[in-house]
Amino acid sequence: MSDAGGYYPDPYRNDRIDIELRALPRQDAPEGHSWVFGGKLGAGGFGRAYLWNLINNADQKVVDRVVLKYTEVRSEQVISNGGLGNGHIKEVFIQKSLVPNGTPPDKVFTVPLLGAEHCSWSLDSWRFYSPYFAFGDLFDLIKTQGLEDLRSTMTGHRQIPEPFAWYILHRLVSAAVVMDTKFRTSQKEYQVVHVDFKPENIFLGAPGSLGKNNSFPAYPPVYLGDFGNAHVTYPGDPWDYMMYGGCTQGWSAPEITRLGHMKRSWQAPGGSYTNVWQIGYVMQSILMGVVSWEQDIPWNDFDYDYEPRYMPLPKRTKAREAENPLRRDYSTELLDILNAMVSYKPEARPTPQQLLDVIEEYMSHFSQGMDRWGTQEWFDQLNNDEDSPEDDTIASETTPLQDDGSRKGVTEKFIDKFKHLFCVPRARPKRRTPRRSPIDRDISPYSKLQARNKSRKRRQDMVTRQIKEGLRPKLQRYVSADPSDDIFILPDDLKIIHPKRPEKIGDYFAASGPEPTNYMEDIDDVEKYTKAKRAFERAHPDGYPPVGVEKYDFRKEGEKPGEVVLDPVAKK
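Numbering (the working numbering), first residue to last: 25 to 596.
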């Protein structure tokens with residue numbers, strides 16, 4: 025049994041981790057590049073995650089990243105009911121199906137699975153490939169804004185801007201719509217229930233990572249991940265009890281909260297409405313600066329249908345409020361939507377599609393322009409408005425220049441400097457009439473074009489830096505020397521504090537957009553693996569399979585067995 029099962033600990037755990045730290049990703053590094061271990065990202069009951077960087081050997085710069093999640097797959101995690109996804113590892117099947125190959129980046133709302141393979145050093149070890157999310161998870165982001173302390177009036181949580189709240193809600197509900205509709209057929213209403221919705225399982229890409237043509241580029245896009253406890257269900261599903269008590273304590277919806285060994289009569293089966301409740305509860309919590317709860321809501325202790333509500337933060341001292349306003353007055357429309365989502369009775373909650381329709385109707389009214397700020401279309405429109413039409417007007421070449429004779433041509437000035445440098449006697453100036461130019465202008469069209477390009481580049485750099493850096497409370501607000509740039513400066517009240525500094529600013533406007541999802545081909549025979557795993561479980565009900573490099577091979581015919589594992593010296 026795994027550690028998460030509550031039985032004796034895995035005696036081979038350290039051996040597993042030692043090999044995991046040295047096992048290179050499956051993809052061969054291109055010529056002139058190398059895979060380098062980037063560090064541990066996290067560990068829990070469902071596995072361990074590590075970062076690997078693809079390095080250019082010439083300049084040692086990172087050109088790509090991949091996350092490897094290692095987990096022990098039990099036989100019951102392989103779908104074997106003869107229905108949807110039969111013969112596939114449940115987590116792999118769900119994630120691949122929710123984000124199939126070729127999905128446009130702006131339509132990806134759940135963490136894509138890039139590949140999966142069995143690990144030769146242990147019977148039940150698998151590793152899953154996924155993209156690296158530079159901003160970590162929602163837990164980290166909310167903590168970065170400061171956690172709320174109800175005992176103090178001096179410090180507290182800087183609540184996220186309302187436009188960002190709408191953006192998070194829109195993406196999470198979009199994920200719920202995909203989970204609600206992706207597997208539906210004319211015979212059965214299949215739906216995916218995530219079960220373990222919580223801030224730690226909501227990952228964030230870097231602001232602007234979806235490209236300059238997508239909305240809300242100043243905010244990090246969120247992705248729902250970690251489907252290790254997810255369940256594909258349908259009305260009348262005899263296996264729906266597997267969702268009961270499967271959520272991390274503190275985030276469980278009423279119908280799946282463990283209240284004893286058996287479900288209570290009033291608890292409905294899990295379904296898409298469970299996702300809706302958990303999204304609403306997570307949103308209410310993060311608006312209050314809460315990222316963890318000590319226990320589930322004690323539903324049995326209430327004599328009525330209890331429904332959680334958003335509670336405004338307490339007022340701070342005047343000095344503290346003046347220094348950094350912490351409290352926000354969120355719109356009634358936003359809070360009403362969240363209240364509807366956490367209705368006690370599942371049938372009273374809106375469906376994911378109903379929610380999405382309402383959110384898209386209201387979101388533009390409360391985005392305060394953040395849906396367009398930083399996009400290419402927005403920038404071009406503002407920048408063109410700031411360029412005066414007169415800048416493009418060039419006088420006729422037949423119009424004489426009104427010269428007062430006080431200026432010298434560039435060539436004459438250069439010759440004078442040359443003579444002075446080498447002590448060449450200057451010639452006595454001749455009396456003559458001032459030279460006239462056939463063009464009546466003080467600045468050439470080329471100079472004007474240069475000025476416009478310089479102004480455009482400066483403004484692009486300003487917008488890019490604000491997107492990449494976010495709010496930095498200890499630094500003074502950026503102010504441009506040119507007053508016409510003010511409309512490109514984002515108010516601090518609409519920014520968020522980033523959980524980490526950007527490694528490089530880069531050129532946001534010149535960068536190409538992200539590529540569609542591309543899944544690696546499966547190389548393992550899952551059926552062969554399942555038979556071997558079940559045989560071991562029958563022979564050793566409470567045992568762990570031993571660990572050793574290349575002890576097991578479940579590769580399909582023609583696939584290379586084993587992995588490339590660095591020796592300890594090379595790893596260091």
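Calculated directly from the structure, the hints in this document are not laboratory data. Among the hints, a few may not be true.
Keeping only pairs whose Cα atoms sit at most 20 Å apart, straight-line, the calculated DMTMM-like set for lysine to aspartate or glutamate is [stated by the list, open to error]: (1) Lys575 - Asp549; (2) Lys575 - Glu587; (3) Lys584 - Asp531; (4) Lys472 - Glu574; (5) Lys472 - Glu493; (6) Lys481 - Asp506; (7) Lys114 - Asp264; (8) Lys552 - Glu574; (9) Lys478 - Asp510; (10) Lys114 - Glu213; (11) Lys64 - Asp39.
Simulated restraints, written as ranges between beta carbons of each label pair [as the list claims (entries may be wrong)]: (12) Gly537 - Asn408: 20 to 30 Å; (13) Val87 - Asn363: 24 to 34 Å; (14) Glu574 - Pro322: 47 to 57 Å; (15) Glu551 - Asp42: 48 to 58 Å; (16) Asp516 - Ile41: 17 to 27 Å; (17) Asp83 - Tyr265: 19 to 29 Å; (18) Ala292 - Pro322: 14 to 24 Å; (19) Asp531 - Pro322: 51 to 61 Å; (20) Lys584 - Lys369: 52 to 62 Å; (21) Lys478 - Val588: 22 to 32 Å; (22) Trp290 - Asp42: 43 to 53 Å; (23) Gln405 - Pro322: 27 to 37 Å; (24) Pro322 - Glu539: 45 to 55 Å.
Beta carbons are placed, not taken as given, at the ideal position from N, Cα and C, and that holds for glycine.
Hint by hint, here is what the structure shows:
1. Lys575 - Asp549: holds, 16 Å
2. Lys575 - Glu587: holds, 11 Å
3. Lys584 - Asp531: violated, 41 Å
4. Lys472 - Glu574: Judged against 20 Å, a Cα distance of about 68 Å means the pair is violated.
5. Lys472 - Glu493: Roughly 32 Å between the alpha carbons, so the hint for lysine 472 and glutamate 493 is violated.
6. Lys481 - Asp506: holds, 13 Å
7. Lys114 - Asp264: With Cα atoms ~15 Å apart, lysine 114 and aspartate 264 stay inside 20 Å; holds.
8. Lys552 - Glu574: holds, 16 Å
9. Lys478 - Asp510: holds, 16 Å
10. Lys114 - Glu213: Distance of about 18 Å is within 20 Å: holds.
11. Lys64 - Asp39: Cα-Cα ~16 Å, so holds.
12. Gly537 - Asn408: 20 to 30 Å: holds, 23 Å
13. Val87 - Asn363: 24 to 34 Å: With Cβ atoms ~47 Å apart, the hint is violated.
14. Glu574 - Pro322: 47 to 57 Å: holds, 51 Å
15. Glu551 - Asp42: 48 to 58 Å: At 30 Å between Cβs, range violated.
16. Asp516 - Ile41: 17 to 27 Å: violated, 43 Å
17. Asp83 - Tyr265: 19 to 29 Å: The hinted range 19 to 29 Å is violated for aspartate 83 and tyrosine 265, with Cβ atoms some 55 Å apart.
18. Ala292 - Pro322: 14 to 24 Å: The hint (14 to 24 Å, Cβ to Cβ) holds, given that alanine 292 and proline 322 are roughly 18 Å apart.
19. Asp531 - Pro322: 51 to 61 Å: holds, 53 Å
20. Lys584 - Lys369: 52 to 62 Å: Once the Cβ atoms are compared, 54 Å apart, the range 52 to 62 Å for lysine 369 and lysine 584 holds.
21. Lys478 - Val588: 22 to 32 Å: At roughly 50 Å between Cβ atoms, valine 588 and lysine 478 fall outside 22 to 32 Å, so the hint is violated.
22. Trp290 - Asp42: 43 to 53 Å: holds, 49 Å
23. Gln405 - Pro322: 27 to 37 Å: Distance hint for glutamine 405, proline 322 is violated at roughly 53 Å.
24. Pro322 - Glu539: 45 to 55 Å: For glutamate 539 against proline 322, whose Cβ atoms are near 47 Å apart, the range 45 to 55 Å holds.
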